[in-house]
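Residues per chain are reported as follows:
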Amino acid sequence: DGGITQSPKYLFRKEGQNVTLSCEQNLNHDAMYWYRQDPGQGLRLIYYSQIVNDFQKGDIAEGYSVSREKKESFPLTVTSAQKNPTAFYLCASIDPRPGEKQEAFFGQGTRLTVV
Amino acid sequence: AQKVTQAQTEISVVEKEDVTLDCVYETRDTTYYLFWYKQPPSGELVFLIRRNSFDEQNEISGRYSWNFQKSTSSFNFTITASQVVDSAVYFCALSEWRSSASKIIFGSGTRLSIRP
Chain A
1 DGGITQSPKY LFRKEGQNVT LSCEQNLNHD AMYWYRQDPG QGLRLIYYSQ
51 IVNDFQKGDI AEGYSVSREK KESFPLTVTS AQKNPTAFYL CASIDPRPGE
101 KQEAFFGQGT RLTVV
Chain B
1 AQKVTQAQTE ISVVEKEDVT LDCVYETRDT TYYLFWYKQP PSGELVFLIR
51 RNSFDEQNEI SGRYSWNFQK STSSFNFTIT ASQVVDSAVY FCALSEWRSS
101 ASKIIFGSGT RLSIRP
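Protein sequences appear in the order of chains A and B.
All residue numbers for the first sequence refer to the numbering used here, where the first residue is 1 and numbers rise by one.
All residue numbers for the second sequence refer to the numbering used here, where the first residue is 1 and numbers rise by one.
Among the hints, a few may not be true.
Unchecked claim - Taking lysine-lysine and the DSS-like style, the derived pairs with C-alpha atoms no more than 27 Å apart in a straight line are:
hint, chain 1, residue 1, chain 2, residue 2
1, B, Lys103, B, Lys16
2, B, Lys103, B, Lys38
3, A, Lys71, B, Lys103
4, A, Lys57, B, Lys103
5, B, Lys16, A, Lys57
6, B, Lys38, A, Lys9
7, A, Lys83, B, Lys70
The hints are simulated quantities; they were obtained by calculation from the structure and are not laboratory data.
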C-alpha cells in the first residue's frame with residue numbers, strides 16, 4: 001500500500017545534539033512538507049519541497065534544515081540552534097498537479113523530546 | 001498572505017447532538033483549495049474533504065456536511081448526530097495553488113469532545 005512513513009515514532013535526545021527525522025513516501029508525489037505541532041496548537045510549516053534538490057522555508061524554519069536528494073525522501077534535521085525542539089513533527093506529501101486530488105497525505109508523526 | 005482562523009478552541013456536546021465547526025480563511029488568490037482534517041488521539045491526520053475555489057456546492061458525506069461560502073470566506077463543517085468516535089481535533093487548511101511552490105496553511109484546530 002502507498003503511504004508515508006515517518007521514523008522513529010518517539011525520539012529522545014540530549015540538549016545540544018542534532019537529530020534527523022526520517023520521512024519516506026512511495027506515492028510518487030513531488031511535493032513534501034514538514035510541520036511542527038506543539039501541545040494544544042495547530043500545525044506550523046517548517047519547510048516544503050516541490051521537486052528534488054529544491055526546498056523552501058516555511059514559517060518557522062530557524063533551527064531546522066532539510067534535504068531532498070530523492071523524490072521519496074525528505075529528512076528533517078533539528079539542529080542545536082532550535083531553541084525549543086520538543087514537539088510533534090508531521091511529514092506530508094501531495095500531488096500538486098492541477099486536476100489531481102491534491103489531498104495531503106500525512107505520516108504518523110515523530111514525537112521528539114529533548115532532555 | 002494566507003490565514004486560516006478556527007475561532008472555536010474547544011467544543012463539547014452530548015452524543016447525538018449536531019455540531020458545527022467554523023473555519024474562516026483569508027487569501028488573495030482566486031484559485032485555492034480548502035481542506036478539513038481530523039486528528040484522533042493517535043496523532044495522524046486523516047483527510048476528510050477538499051474543496052476548490054470554483055466549487056461552492058455544499059457536500060454531504062454520511063453524517064458529515066460542509067458549507068462553503070466564498071462571500072464570507074467560510075468553510076464550515078457540520079457533524080449530524082454526533083458520536084463518541086467523532087471526538088478529535090479538527091483542522092481546517094488552505095492551499096494556494098501556483099505553478100511553483102505552494103504552502104498548505106492550517107488553522108489552530110478545534111478540539112471536539114462528544115460526551116456519552
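To see whether the hints hold, each was checked on the structure:
The suggested pairing of B:Lys103 with B:Lys16 is violated, with an alpha-carbon distance near 36 Å, which exceeds 27 Å. Note on B:Lys103 and B:Lys38: the hinted pairing holds, with a Cα-Cα distance of about 19 Å set against a maximum of 27 Å. Taken as a hint, the A:Lys71 and B:Lys103 pair is honoured in the structure, with Cα atoms around 18 Å apart against an allowance of 27 Å. Distance hint between A:Lys57 and B:Lys103 is fulfilled; the C-alpha atoms sit about 10 Å from each other, no more than 27 Å.
Straight-line distance between C-alpha atoms of B:Lys16 and A:Lys57 comes to about 43 Å, which puts the hinted pair past the 27 Å bound. A hinted pair counts as satisfied when its Cα atoms are at most 27 Å apart, and B:Lys38 with A:Lys9 qualifies at roughly 19 Å. The hinted pair formed by A:Lys83 and B:Lys70 fails the criterion: a straight-line CA distance of about 40 Å is larger than 27 Å.
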